[in-house]
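Enquirer: Each chain is listed here by its residues.
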Amino acid sequence: MAQLTEQTSKLACLILFSAAFALAAADAPRSQQPRKPASPDAAGFDANVKPILKTTCSACHNATLNSGGVNLVPYLDSGTLNDRASWEKILQKIESGEMPPKGIARPAPEKIAALVSYLHSEFEKVDAAAKPDPGRVTAKRLNRNEYRNTIRDLLAVEFRAEKELPTDDSGYGFDNIGDVLSVSPILMERYLNAAETIASRALGADPLPKKPIESTADLKTRTLRRLDYSTVEATHRVDFDGEYAVRFGFPGERAKDAKPVKMGFFMDGHLLKTIDVETKPSKLVYFSPFSDGEVRVYLPEGDHVFRAAFLNDDFVKTITNDKDAYSDKKNKYIGSITFVGPFPSKVEKASRKKILICDPASGQKCVERIVTNLAHHAFRRPVTKSEVAAYMKFVGEAKGQGQSVEQGIQLALEAMLVSPDFLFRMERDPNPLDATKAHRLADTELATRLSYFLWSSMPDDELLSLAETSRLHEPAILDAQVKRMLTDKKAAAFADNFAGQWLEVRNLDSIMPDPDKFPEWTPELKEDLRTETRMFFEYVLTQNRPISEMINAKYTFLNESLAKFYGIDGVKGPDFRKVDLTTDQRGGILTQGAVLAVSSYPNRTSPTIRGKYVLSNVLGTPPPPPPPDVPALDVSKVGSDISLRKQLEAHRSNPVCASCHSKMDVLGFGLENYNAIGKWRTMDGKFPVDVGGTMPNGKSFQTAAEMRAVLEGNSMPQITRCLTEKVMTYALGRGMQSYDNRTINQITKTVDDDGQHFQTLIYEVVRSLPFQSRRGEAVTTLHKETTSKTKEIASK
Amino acid sequence: MITKKTLPRRTFLRGMGSAAVALPFLDAMSPAFASSTIPGGAPVRMAFFYVPNGMIMDSWNPSYEGKFQELPRSLKPLEPFKDDILQIGNLTHNTGRALLDGAGDHGRCCGSYLTGVQVKKSLTEIKGSISFDQIVANEIGKQTRFPSLELGMEDARQAGDCDSGYSCAYTNNLAWRGESQPLPPMLDPRALFERLFGTGQPMTAEERKRQTMYRRSILDFVTESTHKLESSLGPTDRRKLDEYLSAIRQVERQIERAEKDTRPIEPGIDKPYGIPADFSEHFKLMSDMIAIAFQADQTRIVTFLMTREGSSRPYRELDIPDGHHPLTHHRNLPDLMEKVRRINEYHVRQFAGFIEKMKATKEGDGTLLDNSMLVYGAGLSDGNAHLHEDLPTLIAGKGGNYFKTGRRVVVRRETPMCNLFLTMMDRMGVHTEKFGDSTGQLQGLDLG
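The listed protein sequences derive, respectively, from chains W and Y.
According to our numbering, the first sequence is numbered sequentially starting from 15.
According to our numbering, the second sequence is numbered sequentially starting from 21.
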């Protein structure tokens with residue numbers, strides 16, 4: 015139970031106005047005074063809680079029967095409301111319908127509702143009066159995205175961490191939660207490997223092979239995959255950073271009057287080069303018509319997906335079968351890709367420029383400067399002389415092995431990249447073991463929090479130097495930095511990582527819609543949908559649009575192929591652009607194909623999953639998990655020839671199910687006009703789509719557009735609060751606790767009062783107490799056990 | 021395979037005969053080629069192949085006990101190896117049940133499967149326990165290059181929650197190194213190949229020696245600086261760094277081990293490129309490498325998560341477009357149950373391919389399979405009702421002249437699964453009285 019003092023409510027008011035006051039409050043000693051519990055509304059308790067608890071619950075949960083090891087008799091007193099943990103558990107069991115169990119008479123639904131709302135309001139009262147607590151963020155190791163971005167910004171090396179490092183576990187829907195990210199032996203192996211690869215690539219001090227290597231991907235050996243009649247793809251490992259000659263074999267020829275086509279060469283989805291390809295007969299005498307083309311490109315080390323495609327190839331549209339497509343007499347197509355290299359690149363590597371800030375051949379002084387500069391940036395803070403000296407030893411070690419100074423710097427860099435100072439974002443506590451002492455973060459720690467929040471990467475020089483001169487925390491300077499960071503292109507990481515996880519769009523890669531039912535589902539459509547949602551979110555963020563547009567925008571982002579899929583005319587070409595929507599079929603995230611696809615089964619929509627999605631991700635009221643023995647749908651009542659809606663309605667005839675499904679399904683049915691990959695429909699198989707419904711708040715709607723209007727008109731505070739909670743979780747990298755409610759409520763109010771502008775939310779999170787400070791942590795027996803066990807295992 | 025015509029430097033492994041090329045992941049460590057030269061005779065190996073979402077039990081359990089006659093449908097692919105398998109009925113994981121924790125049977129059953137404890141229901145505060153395979157790895161892992169290998173076929177879920185308030189860590193992982201440290205499975209056959217056999221980049225003996233030396237001094241250095249750091253941290257932060265240090269020590273041991281053993285290894289298969297789209301091809305690559313790793317005594321312990329618990333993967337290979345998990349909540353509809361049976365059988369067929377390979381590999385006077393115990397099982401029996409009793413459990417191999425195979429044994433109802441683990445630990449040379457909720461070793465499985 016949170017500890018309360020009489021002073022706290024006064025302090026709480028101050029906090030609403032200024033983060034600085036809040037910090038002062040947090041600095042004040044906590045709970046020095048004897049604990050005075052808040053006085054709960056005893057009359058309300060006796061009216062709403064006690065009767066049910068007494069007649070229904072404690073009939074089994076008493077000292078004698080002690081059902082499930084739970085005795086609720088002591089809880090018949092409102093004084094026990096201070097035992098928040100127990101009451102939360104009681105509330106959860108009742109709210110989910112798990113208790114009372116089958117066979118026990120259920121109190122009337124309105125009685126249960128009154129109990130639930132009483133407990134909620136009591137908890138809120140307590141939270142509002144609680145002493146501010148910034149909470150505590152556990153030391154976080156960099157996740158894969160952060161690792162990749164940090165390497166990019168530190169060394170100008172592109173490292174594909176998502177290929178080289180194991181998948182990060184996530185908690186609360188995000189993969190940057192310190193408590194969840196751990197270091198397994200396999201990850202440590204990969205870190206050590208990655209450090210060697212990255213340091214070697216960054217310095218380029220190791221020589222390239224003396225002779226170039228040639229390797230070919232072709233159709234015969236099935237190393238080249240055909241994606242369509244004018245596109246091929248190969249996975250190929252590039253062994254060294256360097257220049258490569260890439261050759262394309264073009265078997266076949268088209269008719270005499272055939273036009274030349276443009277061929278694009280792509281790496282990992284990015285266009286590297288285009289060349290012109292002549293397709294008509296060459297008039298040479300040959301048995302098998304063939305020509306080739308070549309490009310010379312710089313390729314980075316690693317596994318890449320290469321694609322070659324004839325772009326806007328009108329001729330191919332006239333071909334109707336494989337036989338013609340790959341007949342040497344009728345078509346010219348792409349038959350092989352050959353890589354030859356590496357050749358030394360004349361361009362000085364960006365990474366070398368970044369590392370070698372002076373000429374290391376000029377002597378020890380310069381080498382020290384280089385090592386200091388690297389460690390300073392890698393550790394995101396100033397480094398001490400003795401730290402530098404320790405890393406200089408590696409330069410000496412390499413020298414002792416007869417290697418060059420540059421190879422020595424490379425070794426020192428390797429060591430930095432596996433050190434905890436680099437891999438972990440650690441924040442120091444003056445009193446690590448005292449949970450009652452809160453303090454403001456050091457400015458360098460604040461800089462790091464800020465840059466990983468908005469950029470998923472390390473702080474740049476401007477942030478770092480403001481931090482090192484202890485000015486970053488000044489409100490005006492901090493605001494100005496947030497503003498600058500949001501306009502930087504690195505802020506795209508926030509859209510990718512925050513929105514990608516909040517909206518679950520990352521799951522696009524793991525869903526597998528049924529190709530028979532949804533032949534339109536292609537890798538291209540998947541990327542188009544992903545792009546639409548990303549650009550939409552980026553637009554709302556960078557243009558500081560109101561959050562309500564997330565629900566009901568009159569625009570979206572489309573290219574020609576996605577517009578066609580949505581049935582929208584007048585969008586031409588492959589580039590995405592903002593398109594104003596002229597009908598009410600679509601608008602906002604809930605109508606975007608990416609969201610609709612990740613909330614469906616492979617072969618059909620699921621109103622329940624979509625409803626749960628809206629409740630959890632948009633309204634912030636996730637339904638409780640189903641009770642353990644979910645009753646199966648009654649098969650005798652439900653035939654496969656009645657509509658899904660009727661089936662689910664039958665399911666809801668069970669009151670235990672109805673309590674949650676009535677909330678979930680109505681929202682899910684509101685989205686039934688969109689099929690399992692997000693295409694508009696008015697029929698589901700042989701049944702017309704029936705969208706209408708009534709929300710728990712009593713508002714009813716007839717169409718998908720009306721449902722969005724109802725959400726926009728009535729639920730915006732709730733939606734803002736949900737988004738605030740999600741952004742806070744992501745920004746802090748920890749789950750929200752009851753003591754965070756005051757911050758969340760306050761930010762929600764500020765954002766709502768300010769026209770719900772999205773950036774206001776970002777600024778307010780950065781200004782908040784939990785973002786700017788932390789406290790120590792009490793040692794519990796759990797910790798002692800864990801630590802000794804971990805040590806024991808480690809020592810074995 | 022991409023063909024390489026001129027290979028002056030970067031040479032492909034295959035066809036190199038006995039030339040010392042493979043400079044494995046921790047490249048300085050070339051593994052030993054074991055075959056019959058393992059000191060003290062052939063060791064016992066163990067592996068777990070875990071399949072999610074339970075099974076249709078009427079096609080898994082035969083109607084009889086004792087010697088195998090007609091195999092039930094899901095076991096049919098194992099017909100040629102019928103004399104090498106032992107099916108055990110009635111094993112139970114009580115810790116997988118709800119007890120007081122409510123919904124989330126998928127998260128719980130996978131979390132408790134090898135750990136034998138009821139895991140904490142939480143999204144962030146992950147708490148399980150060391151899994152029994154890791155206890156074995158701690159004891160005998162020093163004798164092989166890798167104390168254990170954790171492998172799988174399906175990537176971790178990237179967003180959203182996994183099962184009713186249980187962190188995805190419980191359904192994405194099978195092995196646990198400590199109570200808050202699940203071991204993520206490796207999915208990419210290429211990465212596994214490189215880990216076992218190296219990237220194929222040749223190095224001179226001198227280069228290799230230098231690399232090992234550098235790695236050592238880097239790891240020494242970061243260990244020391246971490247110790248200095250720890251004193252200023254709170255308990256949770258310190259725990260994170262302890263995990264980091266423990267991981268470093270294991271890598272150091274691998275380096276040590278590799279230094280002692282520098283004989284080259286011939287993988288006998290082409291290096292794979294990434295994860296094949298085809299499920300059975302993916303499984304074959306992974307399981308072929310397990311067989312090689314066992315044969316060369318690279319490791320003796322493998323855990324394999326076929327797909328993650330609660331997986332909703334559709335099985336296009338079988339013309340089944342529905343997700344596996346939603347299908348298993350079949351509401352007793354015959355057509356849905358039929359699809360689940362086909363998925364169950366398909367998984368077993370993959371496993372049978374692995375058994376075939378293990379059996380075809382000679383070791384001493386017998387086969388590699390004889391010296392192994394390869395458990396195939398699930399954390400739920402009836403996936404529709406989320407039942408945790410009579411868990412599907414099958415052992416292939418005799419575990420070194422121990423198990424009496426070729427039959428079905430039905431133990432007393434509610435016999436803890438952990439009893440089997442105790443027996444297996446004993447076979448692996450780790451003798452302990454108790455693991456999880458065990459009540460003693462399983463009796464009646466042996467030849468005696």
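Rather than coming from a laboratory, the hints here were simulated on the basis of the structure.
In this text, a Cβ means the ideal position worked out from N, Cα and C, and glycines have one as well.
Mixed in with the good hints there might be a few duds.
[As the list claims (entries may be wrong)] Think about it this way: if two alpha-carbon atoms lie no more than 25 angstroms apart in a straight line, the pair counts; the simulated BS3-like pairs of lysine-lysine are:
1) K107(W) - K280(Y)
2) K234(W) - K291(Y)
3) K304(Y) - K107(W)
4) K147(Y) - K407(W)
5) K225(W) - K291(Y)
6) K103(W) - K140(Y)
7) K177(W) - K140(Y)
[To be verified] Which stretches of chain Y does chain W cover? Using the computed rule of at least three CB atoms under 8 angstroms from a CB of chain W, they are:
8) 75 to 89
9) 142 to 149
10) 185 to 191
11) 198 to 204
12) 246 to 253
13) 267 to 274
14) 365 to 379
Enquirer: Quick one: which hint numbers does this structure break? Sort them smallest to largest.
Expert: 1, 3, 4, 7, 8, 14
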